[in-house]
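A.B. asks: Sequence:
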Amino acid sequence: MKNNNVRSLAGLPKYAAGFAGTLVFRLLSPFMGLWNVSPLMATEFAGSKAYGPWVGGLYGALSMFILDALMHKLGTWTIVTSLCYGAVGVWGAYFFRNRSASAKNFVIASVVGTLFFDLITGVIMGPLMFGMSWSAAAIGQIPFTLRHLAGNVFFAIVLAPWFYRKIMANPKWELSRIFGTA
117 MKNNNVRSLA GLPKYAAGFA GTLVFRLLSP FMGLWNVSPL MATEFAGSKA
167 YGPWVGGLYG ALSMFILDAL MHKLGTWTIV TSLCYGAVGV WGAYFFRNRS
217 ASAKNFVIAS VVGTLFFDLI TGVIMGPLMF GMSWSAAAIG QIPFTLRHLA
267 GNVFFAIVLA PWFYRKIMAN PKWELSRIFG TA
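With the first letter of the sequence shown counted as 1, position 119 gets the number 235 in my numbering; the numbers rise by one all the way through.
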């Protein structure tokens, strides 16, 4: 795992590529009937694997914040989801510390990350923020989490290994290469 801040900053074009692709998909997904399906966790884990906990955490947190800001929906929920996705990104860096960027490992990380995120945001925060009963929150979360898991596992298999190899681990996408200073 690389934690060098200079190296992390050199990867800005990589984060921008993942950010932009994820953001466009997340903005269009409701129109495609794909609510709760997003490539965010896949690209976040690729960044966590390549650049460590700070990048993984900030990538996830800022992704949630920027989407809510663009949708004019900033609020308490933004803080909760940003912190949760940030925590998932930090955890992902430690998960991938001694593991390969294989589809299998991205799937395992995505299952754990999704269950953590949905437990906090749905089962725990639903009752605390919206006055739901605990049982209603837990039972209502099941179909949501199944769909969330399906989407995240799909992207963990199809997108994450490719994004890691072709973008995040590719030095051609670093600032110095893009601007010809290397």
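These aren't lab readings, by the way, just hints derived from the structure by calculation. Be aware that a few hints might be false.
[What the hints assert, rightly or not] With beta-carbon atoms standing in for the labels, derived distance ranges:
hint, residue 1, residue 2, range
1, Met245, Ala185, 17 to 25 Å
2, Lys189, Ser216, 49 to 57 Å
3, Val274, Arg213, 17 to 25 Å
4, Lys189, Arg281, 33 to 41 Å
Think of the CB as a built atom: it goes at the ideal place given N, C-alpha and C, for glycine as much as any other residue.
A.B. asks: Compare the structure with the hints numbered earlier in the document and write down the numbers of the violated ones, lowest to highest.
C.D. replies: Going through the list in order, the structure violates hint 2 alone and respects the others.
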